[in-house]
Each structure stands twice: as C-alpha cells, then as structure tokens.
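*Asks:* Combine both chains into one complex, guided by the hints.
Here are the chains, one letter per residue:
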Amino acid sequence: MADIPLRPTPGQPWGKLALLMSLLLVMGMGTWEGYWRSLQYAPSYRGSDGLWALLRRQVDRPGPATVTIGSSRTLSDLNLETWRDVTGLRPIQLALEGTQPRAVLDDLAQHGFSGLLIVGLTPVLFTLPDTGYRAEAVRRYGNESPSQWLGQQISMPLEQVLAFYNFDTALFTVIERQTWWPARTGYQPPLPPVRKLFNYRRTRQADLWTKLDDDAEYRELARDIWREYLNFKPDLPPEDVLRQQFENMLQEVRSDVETIRAAGGEVVFIRLPSNGEFRAVENGAFPRERVWQPIIGAAGVVGIHFEDYPALRGMSLPEWSHMSTRDTDRFTRALIAIIRSQLAARGVERQELTP
Amino acid sequence: MLFNSLTFVVFFSIVLVLHYLPFSWRQKKINLLVASYLFYAAWNPPFVILLWISTVVDWYVAKAIHREQRQHQRRLLLFLSIAVNLGILGYFKYGGFLLDNWVALMGTLGIPWQAAGWSIVLPVGISFYTFQTMAYSLDVYLRRAEPAESVLDFSLFVTFFPQLVAGPIVRPTHLIPQFAEPVTANRQQLLWGLALMTLGLFEKIVVADGALAPAAEAVFGSGKAVTMVDAWLGTLAFSGQIFSDFAGYSTTAIGVALCLGFSLPNNFNYPYASLGFSDFWRRWHISLSTWLRDYLYVPLGGNRKGNGRTYVNLMVTMLLGGLWHGASWTFVVWGGLHGVYLTAERFLRGRFKGARVAQTVLFKFGLALLTYFLVNITWVFFRSPDFPTAWRMIRSMVGATSGGAVVLPAVYVAQVVIVIAGILAVHWFMRERVLEEVVARTRWWVVSTVWAAMLFAIIVTQGSGNAFIYFQF
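Protein sequences, first through last, are from chains A and B.
The numbering of the first sequence is the working numbering, which starts it at 1 and goes up by one.
The numbering of the second sequence is the working numbering, which starts it at 1 and goes up by one.
Excised from the complex, chain B in its bound form (with noise of 0.2 Å):
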C-alpha cells in the first residue's frame, strides 16, 4: 500500500481509530501487528509468508544464541539467521544478476551456457526489513541487546507498517522496547505527526513526483546525446527528485508513528548542505549509513587497523552498500565512487588537518557545492539503467559531445531551477537546525498557512499514485 494513495488515507484512519479505542495494550498491538500485514499484502498477499518466515527464524535463533555459550554454536545460528535472510534476499533479488554475470563470465571463457529465463518478482521493501530483522540476530550475538520477550512485539518490530517498506531502517533496541508499555500520542503529537505527514506527502507528490519526475525522466529516457545544458538540468533534477521522494517517505513514516505514539528517527539532515561525504553520510538515509557501520565497517576493522586496512574497509562497505540498492553493476559504481569520495577525503583531511582556512564560511560554502558537484556525478549511475546510458549523460555534462539534442521544454527547466535552488537554500538554512525548533519559533499563524498551502497543493496535484523509488531497493 502506497503512502500516497486514498486507499492508505482510509487504512490509516481506520487503524488511527482503532488505536484510540478502549481496548488493552495486548489487543492494539494485535490489531497493529494484523494492520501491517494488510497493509504489505495489499501489494501481493503470498509475499507475508516472507515476513512470517523472517520473523520466526531470527524469533527462535536469537533466543537460541542468547542460550548458547559455546562460541562456535553461536556463530553457527548466526550464519542460520544470515543464511536465511539474505538467502531469501539473494533468491528474490539477486538471483537474476548472479545468473547474467555467470552466463557473460562462462562467454568469456568460451563456454556457451543456456540459462534458463528468471521472471522473480520482487517483494517490496525486501532490502530494508531483511536488514532490520537480521540487525536483531546480531544485536544478540555481539551481546549489544537481550532477545525479546515477547513474541508479539517481536513480530511487530519486524513488520511494523509505517517503516516496513522504506525505512528508517530502526534497530530493536529503538523500537522493541516502544511496544512493552502502552502509548497513544496526545494532541500535540497527533497533530505534529499529522504535520508530518503533509510534508513528506507534499515532498513525494508535489516536488519529486510532480516537479522534478518529468524532466529526469526526460534526460534519461531519452535515449541519446543531450546538450550539457539539459544534461545537468536532468541530474539536478533527479537529486532532488531521489531526495524529495525517499526523505518524503522517510519523514511521512516518522509522521506516522507518531501519530500512533511511536518515536522513529531522523532518516535524512539535509544532506545537500553536507561538507564532505563523511558529513553526506551522516545526513543521508542515515539508517542506513549506520547500519553498515555499525555491522559491517566496524566488524571489519573500521579504522583501527591502519589507514590501508580503514580504505579497504571503506571501499568493501560502500561497494555492498551501492549492491543493497539494486542488482546492478550501475550500483556498484555508484557505491565505489561514494568510496573513493570518503577515502579521498580521509586522505585530505589527514594531511591538511588543522588548516585555518577550512573554517572560513567561504571555505564551506565553497566545500557544500563541490561536494553537492561530486554527489550529483554518482547520481547519473544511480539513474540510468545502463553504462551507454551513464557514460553518455557524463560525456554531456562535461561538453565532450557535440551535437546534443534539446530535450527539455522551458517549462520543465523553470521548475527545475526553481525547486532546485528551493531545496539548496533550504538545505543550507536548516544545515545546522532542527525543524521543531525552527517551527517552534515560527508564528503559529504562518505554520497553519504553510501546512494548508502544502496540503492544497497535494490535493490538487492530485498525484499519479507513482511508487517511492526506494521500494524497490
């Protein structure tokens, strides 16, 4: 089920209602637990065993591993859980470019290898709640937390439906101990959380989907050589469009779950004011940046093996981190650039360390647009769905074709601009706030303005029901 969907207006306050009844903690977290099933089959039904599966595996190793002293027992129900999780994720999602690279490497040693046809369906949202279920499983292992006691909540953690598709990708430790007590948001949290919610809906369906959509859509489809003109205006569009549609999700979700009482965290912090990608990667989808910090960057040493073993680590993490987004080689790219990004900085950084100029707002302003330049150039693997595609969009952008087509009308390059500059001043603005402050300090009056202006123009964009990109990560 779609966030921006009438059919999610009419589940939300059917569930919101049903919330606010009289009923025992144990029954709403029941009628929770079934609303979030529902609102994952509402895709495809046969799917929730997949969430069945995911939850009664890592249920039972987690409780088996916190038994277990042996060491080797552990590690070996640690692998069961692995094994399943991303078993199941390998199965749905990777088992068609696994296939393709072994009938081009069999082609490439003259071994002709016919491969039958792979036709899977993706389940949506896979990537985020197999790495939230197996987070669990490793919590127990590495002894940071206890397994749960309830299974209902546990149930609930893996499935609960504001975050399930999208993220943010939330840790048991965050979430399980929510549902021990009973909450219910009082009217300032409904009301915030119902504010919320328009932004991230104004986010996905006004600026990404209604402003920004068509002219990306319009560079990358076009199937040909652009002039640099329309080639940048075509990536500048998708930044906003891929940020504006995955934050819109994030901050609809915490919008949500506030609604219902439930705390989620930030997912995104601004992240085209960042100073560098060690400051992208702690403002972008932030759940998931430390997520693969927390249990893969420092599990392989992080940076305290040397600074050879830390660019190693960096480049393994970000390389798996780009392959979490899609079974691509367009993705793996995407991740290897972001680190050589991080690992060229850390070098910088080492050597100029302490440089006064670095703290000159000049300095900064100056490092927010190389860095927004070199994030904008990772985006055009991210986007195109092939390398013809990528490499022809970097050729145009760095004026090494001639010839380039116009493909973009005055129209979308107005919006473009527009809501480009839009989303760059606010980024810079709130680079070092936080909105409930800046709200709070805001006259109530003007808050009412901007949530009706926002609220009108989702409605009377009316939306074309478009999927989050990220569901299908």
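Chain A on its own, in the form it takes in the complex (with noise of 0.2 Å):
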C-alpha cells in the first residue's frame, strides 16, 4: 500500500460543511416543491416506459383479461374504476399517448392474447406509419433490464409524493418552454410539445388536469397548440403508396385480429369524442368513411363510433379532443352497456363483461 498514491481530502470543517449543505438543499427543494404545487400541479404517476412495461406484463398472467390499447384519448375517456365496477374486472390499459397503437395490437396477437381487446381509434394516429412518440414503450417491455424494472418499483414511491417530479417541470424542459427566447432568422420550430394534459394513477388511468376545467388561459394555449397539430400539412407520398399503405394496414389489422380470435379473444374499436376544431379536422381529413368504416370492414369486429350514439355525445372535452374526469363515469357506464349489446348481436357472450 505504500507506493499507491492516497486520493487527497480538502481540509475542510467537513460536519458543518455537510449540514449546511443539506439545510440549503431542503430549503431549496421545498421552494422547488411549493412553486408547482401553486400551480396546480400535484404528485401523479410518470406515464413512464416502466409504468407502461409493468403493465403489459400482467397482461402475460394467466385468467381473464380485457386490455385497452390506443392513443391518449383511451387514456383519458375510460375509467377504470367504473368499468371494474360495472364488469368486476378493471381493464389494463396499454394505450399511449400520441401514439399508433399497431405495435402494441401485433404484439399482444404475437404473445397469444385471449381476453377482450378494446382498440381506441383515433384515425390520424392509428393510420400513421410508424409507431412514433412512444414507441421505446413497446421496446422496453421486452428489453427492460432488472435494474430498469427497479428502478420503477423505487421511482413509484417517490411519484406519489412529490409534485415537481414530472415530466413536464424538468429543468431543462421548462428552460425550453420559457417564451422569452428570441426565434431565430431561418429557424423552422417543430411542432409545439403538447403540455401537461393528465394525471396518472396506477393503473395508467388519465385524469384530465382539472387545469383545463378551471383555467381559460392554460385552456386555450392547449387548444392554440392543438391547432398548430391542425394545421400542420406533412410532406405525403404519392396517393398510389398511400393508397397501398393503408391497404398493408387493413392486412395487418385483419391478421391480427384473426390471431387474437383463433386463441380465444375478442376485438371491440371505439371511436371516442372529439369535437370543436379537432374533430372538424378530423372529419375533413379522415371521413368515416374512407378510415372507420374500412378497418372496421377488414377487421370484421364489432365497431362503436360515438355519432352513433346519443348516450356517448354530450361529454366534456375541455380543449376538444380529451374527456373531463367528472364525465368519464357516465361514459363509461354508457360504453359498456353499448359493447354487450353489440357483442350479443353478434352471439358473442365474453366472462371478461359478466359480473
């Protein structure tokens, strides 16, 4: 030992050193920690990758299952207390925000699924080509490490408690969000990031931030945001390839759909609300039908669109695209009544819908 050169220590009255360290760091996270809270925000779960893996393995337990898979408005507009009040089973629930939901449809088919599927569909996700904004989900369930799967069990924890912990108040990204930086000549920004609109529970139910009840101001900058999704005209292939890319999609569906239903399982689409500008883009650019109805055709499944139905219309949608929480129960109630009657037409009785 004699030739290894010893680290040296800084000679410093290290005891207070370290005590004065820590009462500055806990004054300056209780500051950090009240200055959110007084913005309404509130300790929620991270919709994380983990969160969303943990998920997606109880689906892989034996017994029956209903799993609800699509972007953020399934996120939103289903509540899962109700339908576990309502059916005796709370459904897992797979969908992720912004995200077409494929990936996830070919990947529970690929694992033998067997239980009730319930696909929301919103046509401008579920038609893209790629899996996009949250993709590294799907890949974290089959690659997460051991140290990735506690990480999440000792990140949860600390969810619950503490408000600033969440995506959306990360240093950097509320750097990034100030509106005082000058654009720069030539600059093209990206699409705006979509701000807080949930918060998590567990069971990656998404509670509308009651914000966007409450407060106008934080409701019509999430609405100037959604129009500039609205407005945005993306760079499209020739009208033969897109043609014969929604035509491998309708394939894909159908396989899938097969798939699940040879194991044993069904497939329900919903189409959930929208309205305002949203759902006036939505039927301009995606009429029913030349997207819901041919899926829904191709799929050969039962499909519950909201027009339809005088007992899913109604509800509120703050910034037009995503239910307020108080309204989710009568939707959901509503819902569920609608997929047994259909599901009967059709003969198809399921244990994952019988009390």
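Honestly, the hints are just simulated from the structure, not real lab data.
Among the clues, some could well be false.
Label pairs and their in silico Cβ distance ranges [stated by the list, open to error]:
id, chain 1, residue 1, chain 2, residue 2, range
1, B, E217, A, P287, 37 to 45 Å
2, A, L242, B, G90, 30 to 38 Å
3, A, A263, B, A400, 55 to 63 Å
4, A, P190, B, N101, 35 to 43 Å
5, A, L158, B, Q73, 56 to 64 Å
6, B, V361, A, M27, 55 to 63 Å
Ideal Cβ placement from N, Cα and C applies to all residues, glycine included.
*Replies:* Structure, rendered in structure tokens:
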C-alpha cells in the first residue's frame, strides 16, 4: 500500500459543511416543490415507459383480462374504476398518448392474447406508418433490464408524494418552454410539445388535469397547440403509395384480429369523442367512410363510433380532444352497455364483461 | 446499473452500510464482489459469465507465466490470455464490423458473398474490463508485478463495480494491494467522496444530458447540411457533452470508491486547456492513454528507434486506440487524426525547440485554442454515425455548403455558448491547479452552497436515465 498514491482530501470542516449543504438543499427543494404546487401541480404517477411495461406484463398472467389500447383519448376517456365496478374486472390500460397503437395490437396478437381487447381508434394516429412518439415503451417491455425494473419500483413511491417529479417540470423542459427566447432567423420550429394534460394513476388511468377545466388561459394554450397540429401539412407520399400503405395496414389489422380470435380472444374498436376544431379537421381529413368503416370492415369486429350513440355524446371536452374526468363515469357505463349489446347481437358473450 | 439512476442510489446505500458494519475484511470483500456482479448483472445477467471467464483464465495463466522460466512457454501462455480476452472482445464488438468489411472486400473483388446476419448484443463496458484484465497478465509476463496471492482480491480487481464498465482502467499494481488490508473511509473521505459523486453526476445529468446533448443531437441528427454557425455549435456542444459525460463517470467512480475507502487514479485533467496533443493525451482518458503507451507504444519501440519509427509507432497506437472505441472506420479516422496531430507536433517541437516565443502567455493561449479547435475536428468523426454525415459536417464547418439549414433554436444556442464558455474557463483556470487544493482554499460555506446547488440541479433536472456514452465501448 505504501507506494499507492492515496487521494488527498481537502481540509474543510466537513461536518458543518455537510450540515449547511443539507439545509440549503432542503430549503431549495421545498421551495421548488411549493412553486409547482402553487401552479396546481399535484403528485401523480409518471406515464413512463417503465409503468407501461409493468402493466404490459400483467397481460401475461393467466386468467381473464380486458386490455385497452389506443392513444391518449383511450387513456383519458375510459374510467377504469367504473369499468371494474360494472364488470368486476379492471382493464389493463396499455394506450399510449400520441402513438399509433398497431404495434401494441400486433404485440398482443403475437403473444397469444386471449381476452377482450378494446382498441381506441383515433384516425390520425391509427393510420400512421410508424409507431411514433412512445415506441420506446413497447421496446422497453421486451428489453427491460433488472436495473430498469427496480428503478421503476423505486420511482413509484416518490411519484406519489412529489409534485415536481413530472416530465413537464424537468429543469431543461421548463427552460426550453419559456416564451422569451427570440426566434432565430431561418429556424423552422417543430410542432410544439403537448403540455401537461393528465394526472396518471398507477393503473395508467389518466385523469384530465383540472386546470383544463378551471383555467381558461391554460385551456386556450392547449387549444392553440392543437391548432398548430391541425394546421400542419405533412409531406405525404404519392396517392398510390398511400393507398397501398392503407391496404397493407388493413391486412395487418385483419391478421392480428384473426390471431387473437383464434386464441379465444375478442376485439372491439371504439371511436372516442372529439369536438370543436379537432373534430372538424378529423371529419374533413379522415372521413369515417374512408377510414373508420374500411378498418372495421376489414377487421370484422364490432365498431362503436360515438357519433352513432346519443349516450356517448355531449361529454365535456375542454380542449376538444379529451374528456373531463367528471364525465368519464357516465361515458364508461354507457360504453360498456353498448359493447355488451353489440357483442350479444353477434352471439358473442364474454366472461370479461360479466359481473 | 447506471450511476445516474434511482436503482444505484439504493444499491450504493446498501453497499455502503454493509461495508461499514463490523464484518471481517474477507466478508466485506465478498460483499463487494457479490455487489459488483449484481451491478453488472443488472444490465444483462448472462454477461456475468464473461467476467468469470476473464477472471478464471487470467488467474491461472498469470500464475503459470510466473512459474514458467522458459521464454517460449511464457509467450504461449501470454498468447492464451490475450487470445481469450481479445477473442471475447472481437466476437462481441468487432464481429459484425469484420464481417461487413469482408463482404465489402469480396464485393470489390467481384466475389458475391452472402453473410448471415450478425445481431450480437454488445456487453456493456467490455473494452474496459478486457484491457484491465489483460494488463494483469502482461504485467506478470513483463515481470512488472507478481501474481495476486488471493483469488478473492483478483476477482474483485477484475470486477470492482465503481470502475467496471467505463474506467478508469486501473492497473493491478494500483488496485490489488488495496484489497490486501482492511480499509474504510474516515468521515472526511466519505463526505469528499459524496461531493465528488455529486460533481460527477452534475456533469453527466445537468451539463452533458441536459444542457448540451439536445444541441449535438439536433445538428448531427439533422440529416442535412446546416449553417456554419450551427455546425460549429453542434460540434462544440458535443465536445462539452463527451467530456462531461465521460469525466462525469470517472469522477463519480472515484467518489464511489473513495466512500468505500479505496483510491482510484484521475482519468481527466482539464483537457480542453491542453497546449498541444501530447499534453492533451496526458489529460484526456489518462488511464487509456497510459495503457496504450505502456502495453503498445513502448513495446513497439516507442521513441527509441529513430524519428521515422517513432512516427509509425504513434500512428499505429492511435489508430488502434481509435478502433478500441468502436467498430467503425469513423473511429479509426478519429484515432488517425490524433496520430497525425501527435506526429506533426513532435516534428514541429524538434524543429523549433527552445523558441522563446513559446514561453509567452499569448502563445500558450493561442496554442490551447488551436488544440481545442483541432480536437473539435476529430469529434466530428467520433460523433458522426457514418462518413457522409462527417463530411457534410466538415463542409458546413468550413462554410463550403450553401443554403445550410438553421436547426438550433435560440435556447440551444444560449445553452451551448454559456456552458462551453464555462467549461473552457474552468479548464483554463484549473490547468495548473488541483481540485482538492482549490476546494481546501475556498470558504467552507461557499463549498456548501456550490454542493447544494449542484445537488439541487441534479434533482430538478430529473434526468432521462441516459446511459453514459462510453458504456458502448
């Protein structure tokens, strides 16, 4: 040991130095937490890839299961607790915001899913060629390391108590979102990131943030962001290529649905409500006879479009796309009743829907 | 397991508690060994077997080399150790690269060659622990060291979790003796170790991932020619990112080891204030550059066989050093450029030896800037996924493209300018100083405040759990 250079330690009064550091840190963190709480942020689960993978693994357990996939409307509009009260079985929520859900549909089909699958179809996302925004979550399920799994377990208790522990309040996200940054000449900004919309529960039920109900300025900010998306004109491939992509998609969906049915499962497609400018653009760019009906027809499944059922209309959608949490109970009860009756009309009875 | 993860916080807390409980020294070492295997298995459990293979082979081979007196037999044994270690490295890291190049070579010769797909997962940190383990057999072969007396100490040397996956690459003569006698950190060492961990994680989470990575990604990932300003900002951002990422890992590793009472050597010494490239390589990834010097450059003859041979040795060492980083020709070019720089510098130093102007502050400052400028050129090849991207970036940086895109928003520009200016200022200030001495001379409440501010920034940045860049090497 004699010839090994040992690291020097700076001469300092380390005891009181560490004590002051701890005090300053606690004060700083308390202030930071208080600041976010003053802006109506509250502790909620992070809608992380790890949480998705955690729930995805629940599907692999034996026994009956209802699984919901889709995009953010599926997350916000379905009340999982109501669903459990009505059917006795809480759905496993695997929808991913801003993400095309066909990769999850295919993943479930390839893994022998045999329960009831509810697919939320948001036309603009369902028809995307790539999985998109949250594709990493699907990969995480297949590749999660022991360290990542444990990290998720450690993170969740913290998520329940810390309001600032949230993707939207990360330091550099906050810095980037400040409005005082000047525009650089020639810089074409990408579409703006969607601001916080939900508070997640551990079940991945996403309650629409009450700030969207209560705060007109924030609600208008959310709508402004949607406007930018709705006005965005993507570079599309030629018409014949698009048609071929659509045909390929129909075949993939049909194949996956058949695989799930062959394993004993059943699939139901739902089109969840939108209104305002969102609905106008959706109906204009993705008319139901050109998107919804061909998909339902190709898949040969029960398809429930909110426009066809008075009980599914008239819900509060503050920013045109997602349902106020207070309406989700009524909506979910009505939806389950319709699913039951539509399946019954086809002679299908599912134990997942039987209380 | 990543240092910048909640899993590590819990893991390290448990390790620390176990290390300070009144167990025997042997039991504490077993605890550390098991913890090290768990640390590595937390990524991909089966790859622990690679650590076991390296451990078993080098343990027995080094003993046999030490016993054997016949030079031919000793050479064969050394060859066995090198073949196993480089064989593992070659299979996992360079297999796909070699196959691709073989197919390309056959193609140029007009021979159609169909190769099976090569989808091997690269074990994290394999280049680091392979080189560390090889150093052990090489030291015994070169009679620089005797074999370890305890298989437990040797296993811990191969696997010691603080520096297992990204260095510093520690020499057996530095680490194995530290396992011989009981050590624990005193209160000062423990708190200084925690402070170093904070500094390292601050560099990684706040500076590298938070402030600089988005700009580097926006420029290098744009897929198109960018303006000269953006090309330089992207490259500068990467220069800061790669330093903060890697030096952040090393500093954290040193802090972790110190909390346990062990001493690891410095791996960085403010390299962006280097005066020339021989100075740069004394300050950047010191444990690799000294490894290459001692086990490659010197055995090749070093500078003992005339100028021409010295230049060849420098080039070979740096080209292989480049290839060590990754199985890609872009890394070879990166190493080659450093070889050219070192060669040119050696030539110029010989030519202008004793020039008085070289002693002026202005000259030194200019030389530091020139060195940093040339280092940035090499980073373009290091960061680019392929040559088209690298050439596009170089053309943008010298203004040889017209109509390049503006890809950085003002916020990224501000972050890069402020942070890179800060890094350069710190490196210049610290060039001739030692961190411990600077901290010792600073008022205690200032140290407290800076420490608290760094911890605060780490927590509120939240971090995305990005792996350290050097894990892939």
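*Asks:* Could you tell me which of the numbered hints above are not met by this structure, giving the numbers in increasing order?
*Replies:* 2 and 6
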